[in-house]
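Number of protein chains: 2
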Amino acid sequence: MDISKLTNDSRRSWTTRREKKARQIAKVQKLVNGQVIPTDKIVEALEALIMPGDCVALEGNNQKQASFLSSALNQVNPDKVNNLHMVMSSISRPEHLDIFEKGIAKLLDFSFAGPQSLRMAQMIEDGTVTVGSIHTYLELYGRLFVDLTPNIALVAADKADAQGNLYTGPNTEETPTIVEATAFRDGIVIAQVNELTDELPRVDIPGSWVDFVVVSDKPYQLEALFTRDPRQISEMHILMGMMAIRGIYERHNIQSLNHGVGFNTAAIELLLPTYGESLGLKGRICKNWALNPHPTLIPAIESGWVDSVHCFGGEVGMEKYVAARPDIFFTGKDGSLRSNRAMCQVAGQYAVDAFVGSTLQMDAYGNSSTVTLGRLAGYGGAPNMGSDPHGRRHSSDAWLNMITGESEIQRGKKLVIQMVETFQQGNKPVFVESLDAIKVGQDAKLPIAPVMVYGDDVTHVVTEEGIAYLYKAQNEEERKQALAAIAGVTPLGKESTADLKQRLRENGVIAFPEDLKVKRTDAKRSLLAARSIDDLVDWSGGLYEPPAKFRSW
Amino acid sequence: MDISKLTNDSRRSWTTRREKKARQIAKVQKLVNGQVIPTDKIVEALEALIMPGDCVALEGNNQKQASFLSSALNQVNPDKVNNLHMVMSSISRPEHLDIFEKGIAKLLDFSFAGPQSLRMAQMIEDGTVTVGSIHTYLELYGRLFVDLTPNIALVAADKADAQGNLYTGPNTEETPTIVEATAFRDGIVIAQVNELTDELPRVDIPGSWVDFVVVSDKPYQLEALFTRDPRQISEMHILMGMMAIRGIYERHNIQSLNHGVGFNTAAIELLLPTYGESLGLKGRICKNWALNPHPTLIPAIESGWVDSVHCFGGEVGMEKYVAARPDIFFTGKDGSLRSNRAMCQVAGQYAVDAFVGSTLQMDAYGNSSTVTLGRLAGYGGAPNMGSDPHGRRHSSDAWLNMITGESEIQRGKKLVIQMVETFQQGNKPVFVESLDAIKVGQDAKLPIAPVMVYGDDVTHVVTEEGIAYLYKAQNEEERKQALAAIAGVTPLGKESTADLKQRLRENGVIAFPEDLKVKRTDAKRSLLAARSIDDLVDWSGGLYEPPAKFRSW
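Those sequence lines, one after another, are chains A and B. Each residue of the first sequence is one higher than the one before, counting from 1 in this note's numbering. Each residue of the second sequence is one higher than the one before, counting from 1 in this note's numbering.
It should be emphasised that the hints constitute simulated quantities derived from the structure, not laboratory data. Errors might be hidden in some of the hints.
Note that the list lumps identical chains together, so a pair holds whenever it fits in one copy or between two copies.
Below, simulated DMTMM-like cross-link-like pairs (lysine to aspartate or glutamate); rule was C-alpha separation at most 20 Å, straight line [unchecked claim]:
hint : residue 1 : residue 2
1    : LYS27     : GLU277
2    : LYS445    : ASP334
3    : LYS524    : ASP126
4    : LYS333    : ASP161
5    : LYS320    : GLU19
6    : LYS549    : ASP456
7    : LYS102    : GLU478
8    : LYS501    : GLU408
All chains should be built: construct the whole structure from the sequences, respecting the hints.
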């Protein structure tokens, strides 16, 4: 083998990305003032900075939106900027898809499209959008450093100083992750900010990672996604919450956890200070949380249940409350929350005992999906947390509790708990023969059906009928029997018999409320520590400031 | 439920961490100059800043060591500072364990103890060290944000400015992660730096996250851990490398990957520009890497195989080479590498097609461990990457290739490839009846045996005999048969028969070199693109500067 011949094959430049960046930046020198793009020049600047076919990370984030920049991108001339490869964790705003209709963008890698799921499904079918893959958040962040590294990042922050240092306030979220991947591979980072200032309260992203800032015409869009009004919590939610606390949290000694957003988990949060207290569980369970700042967690925090909460993002209205509770929340020297979606997803995947989620459909083996016909909502973060991380090696009581065998080589399991009522709204059974996701996947030509949580990862299912301890099921058949036994009067539920249920109860594979000493008649709204948004404000001593749409006063 | 009664239960302070921090910092005001602790006052400062029982994250990192700070911690008066809870990803230096003998520290949560594994096992048995848990790196980082949040972080950087902004150069590694978890929960962050300077080349960690900097008496310790001298690559490694390229990389279309460190993977890296080229695979496989800057990857980079490499950490001697290849490596505006161990672990777990590792022992079902009797080395990062991430939802050819069933609900698998010679040095069989890890775990009273990679996550095993395609095995029995068929003359290997091997070959569950069109006689050292460190320097055009211990000239 002649090495000199091999090396001589390669007379390439190793700085093509850096040179391209320099060329693009040179083009806007007449438009910009140092690092600042004038607000009214943003469209022109994007047309100069972005090349056709570039990979663009646009901060469509779960909560905050780089809305000024996405509007500007939607106004560029498609003759100049086209065929972009968009990398976005969340498709949230109309222009996130408009740019595909105009030909500005062509290829899309994303995680979540909740607000645009119907249109997304149609546009994929029409071929207007070509989907690379659908990810969980954490997978997408990983790929930013592997094969989806952006040429351009369009992100949002609260404030910038003259050096381009960024302050994000409570909504740090995924901005540092996007910026890091872009900045350190000679991409161009453009941040919209609500204001320019001389001195920042703290620095969330160093100025040496940022190329341009632009003051937006109005503050970035921010949605309150994790606020659940306690008035909508039903007695069924409360019953299920009591069963979960008694039959899962207490039984398995759950210390650390993530709650998906929903009324079932909101019920649990509001039952800890009342029902949980009456069981003597305060200080014994549910101490460390990977969670957005759920307003419904306020009573548990105030009554001393919670040691820590690390947050994926912020929550509108919770800013002052969080800032006043630095023992509990991660806050900066400026006093406000520091969230970090990437590290909170790592924590939620690897560092907590339990994930509690919900779903719209579940098949007889525990596979579930929130995808319904005609809607392609994507995954978000749930599958990342709602799965057993096989790489986990550290143990906890709850994790070890999932071991059922006697082998010398074994490992624990993360608790993946699904809470579902047996029927959805509109009297549709949750338990189905076949998930809609299968057909949606076929229609959209996805390589696999978009299953949110796979049955083999689910350890517990809670319905209003009882709990199925799926981790104890000996095989697929018993898994199905256990689910049928708590599936009520759905078609699957009707397959079960009194004898079968009795045997499963005796083997501890299912439990009914009476097995857990939970009285159905106790499941009253009076058991909730807060029964309205107003109550939550009271609990917070007025620190929680709910957005107008949640106020009744 | 009387809400007012509940709220009144809680008349606590919510700022105890912040107040404690302020008290501790007030105590050192006479010692420090602003944010700077004078070098000769560090022991005194630590005695004032650290409280007995504090949780301390000391940057014993896989590569760089906060060696000045660990020495200083080892000199504090145990009457003043004692019973610390140490959180360290890597136990590398003697004083990392000395502090336990002196009573300065008591409890330890860690990931890796390679260099101190013998002493670690002894000290656990003696009760000198109490182990919380042993983690992979990523799990430990996750827990920093959940239930192992430090009160004190002792970290290392290259340079600081007067505002406490830190520059890490290529060895950013896990420093930002430790600092973020500590700084944003009112912990105290102390960074040793090699120098103070007026202007930093770039900012890796903002000054508003850092409380104190101290100029160390000498630069922090940095080890070259990922350098493998090609002279030590044997023909057996080359044969196995050829089989892996042909029978796995090409067959499954592996685009993105992580290589563990070892001579088998070094052989593959050095075969890509020669053997791989001859197969026409350039530009078709192995394009995106999550990898430390392995010197043995230089020839593949130079001959145009590699699109990108994201790095966990730096590698001594590779600084100038990496800086000259910004199209490939993630580099900053200062031109030098930006590594990030947390995000590279995320990428290595979730965003790549394949992990290739090695091990010292493997049982008949594919469970493996590098733990041997009397040594407790911990996990490092391998189990995180050497496992199938059940939360993955995006697909790739390789991932989809692992699907063997026909069900409508299914998912792909990450390729977890183990490359082992059938015998270790000293003629010990690699394939064993029972892993030493079982006894080590029992002796150290660990809750589970310290298995590095579980058999159910392993998709392929390569020995000098052939490849076992374990993902195709129908059941545990066939898995064992496949391993036996490639286990050579080990006791397990002798259980196999010619008939059984033939049947497994026909079913594609195993392949021998001839099945892959790999000629044993071609497996010569002349096939390596570099056969010495010297050759690697040549390939790099003199940019690679190997440490003295690797030089023969």
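Earlier hints that do not hold, by number: 1, 2, 3, 6, 7, 8
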